[in-house]
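Engineer: Listed below, chain by chain, are the residues.
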Amino acid sequence: EAGVAQSPRYKIIEKRQSVAFWCNPISGHATLYWYQQILGQGPKLLIQFQNNGVVDDSQLPKDRFSAERLKGVDSTLKIQPAKLEDSAVYLCASSLVGWNSPHNEQFFGPGTRLTVL
Amino acid sequence: QQPVQSPQAVILREGEDAVINCSSSKALYSVHWYRQKHGEAPVFLMILLKGGEQKGHDKISASFNEKKQQSSLYLTASQLSYSGTYFCGTEDALIFGKGTTLSVSS
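Going down the list, the sequences are from chains A and B. Sequential numbering from 1 applies to the first sequence in this note's numbering. Sequential numbering from 1 applies to the second sequence in this note's numbering.
Quick caveat, the hints were computed from the structure, so don't treat them as lab data. Among these hints, one or two may not hold up.
Claimed, not checked - Selected chain B positions facing chain A (in silico; Cβ < 7 Å):
1) Pro-42
2) Gly-97
3) Lys-98
Stated by the list, open to error - Derived DMTMM-like pairs: lysine to aspartate or glutamate, alpha-carbon spacing no greater than 20 Å straight-line:
4) B:Lys-50 <-> B:Glu-66
5) B:Lys-98 <-> A:Asp-86
6) B:Lys-50 <-> A:Glu-105
7) B:Lys-59 <-> B:Asp-17
8) A:Lys-78 <-> A:Asp-57
9) A:Lys-44 <-> B:Glu-40
10) B:Lys-37 <-> A:Glu-105
11) B:Lys-26 <-> B:Asp-58
12) A:Lys-11 <-> B:Glu-40
13) A:Lys-44 <-> B:Glu-91
14) B:Lys-98 <-> A:Glu-85
15) A:Lys-71 <-> A:Asp-57
16) B:Lys-26 <-> B:Glu-91
17) B:Lys-59 <-> B:Glu-16
To be verified - To be clear about the criterion: a stretch of chain A counts as covered by chain B if any three or more of its residues have a C-beta under 8 Å from a C-beta of chain B, and this derived list gives those stretches:
18) 37–48
19) 107–114
By construction, the Cβ of each residue, glycine as well, lies at the ideal position given by its N, Cα and C atoms.
Just chain A, same shape as in the assembly:
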């Protein structure tokens, strides 16, 4: 079974530029998550999708971050404009069961390491 795919794996941009990350979840997984992981910290949830609908985006800085999951499959996370503090690893995860199930074992992708200069 193929895992969660993410691209690019690394990205270096200057502040105020824009950047986009792509995620393809495991086939059949209804729930998709985007996390931001700053060095030395645990993953922080940015947004959660159930199929193509947003379940939770309360921690997404909406003035600069946006995400979409068209057709309920792959997803794109965009930052525009980027700030220095956005430097982090952006992880995408997916789970088979619904967002409100405690059995939601999450499968993580390899992440995209973003450096903002």
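Fit chain B to the supplied structure of chain A, relying on the hints for placement.
Structural biologist: Just chain B now, with coordinates in the frame of chain A:
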């Protein structure tokens, strides 16, 4: 509320045991544990649910004390492959602690 993990770091020799704790200021009904090796994505270890349901993983087990709003991860007879950072997740694994880094040497 982010769960609090302790200790922040553990250094072990192969074969030694370790306990990692996770506590929350909010009532817990599930706790998830993940391990992340350096430069890799987090990998699911187990879920503990209110009422006692749990899953194990090799020689790694866990407990869940609902009254104390705590969970503990037990690593028995540690192996080199256990090295990594362990995260507990609450709120259906949507809020993770800062992690406990475990280093196992031969």
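Engineer: Does the interface hint hold: is B:Pro-42 within less than 7 Å of chain A, judged Cβ to Cβ?
Structural biologist: 5 Å, holds
Engineer: Given the hinted pair B:Lys-50 and B:Glu-66, is their alpha-carbon gap at most 20 Å?
Structural biologist: 7 Å, holds
Engineer: Does the alpha-carbon distance linking A:Lys-44 and B:Glu-40 stay inside the 20 Å limit?
Structural biologist: Within the cut-off at roughly 16 Å; holds.
Engineer: Within 20 Å, alpha carbon to alpha carbon, are A:Lys-11 and B:Glu-40?
Structural biologist: Holds, at about 16 Å.
Engineer: Is B:Lys-26 within 20 Å of B:Glu-91, Cα to Cα?
Structural biologist: 9 Å, holds
Engineer: Against chain B, does the stretch 107–114 of chain A show at least 3 residues with beta-carbon separation below 8 Å?
Structural biologist: holds (count 5)
Engineer: Between B:Lys-98 and A:Glu-85, is the straight-line Cα distance small enough, at 20 Å or below?
Structural biologist: Holds - the C-alpha atoms of A:Glu-85 and B:Lys-98 are around 18 Å apart, at most 20 Å.
Engineer: Verify the proposed pairing of A:Lys-44 with B:Glu-91, using a straight-line Cα cut of 20 Å.
Structural biologist: The hint holds at about 12 Å.
Engineer: Need the status of pair A:Lys-78, A:Asp-57: alpha-carbon distance at most 20 Å?
Structural biologist: 14 Å, holds
Engineer: Assess, step by step, whether the Cα of B:Lys-98 is no farther than 20 Å from the Cα of A:Asp-86, and give holds or violated.
Structural biologist: 18 Å, holds
Engineer: Is the Cα-Cα distance between B:Lys-50 and A:Glu-105 20 Å or less?
Structural biologist: 16 Å, holds
Engineer: Assess, step by step, whether the Cα of B:Lys-26 is no farther than 20 Å from the Cα of B:Asp-58, and give holds or violated.
Structural biologist: Violated - the C-alpha atoms of B:Asp-58 and B:Lys-26 are around 30 Å apart, more than 20 Å.
Checked against the numbered hints above, the structure breaks only hint 11 and satisfies the rest.
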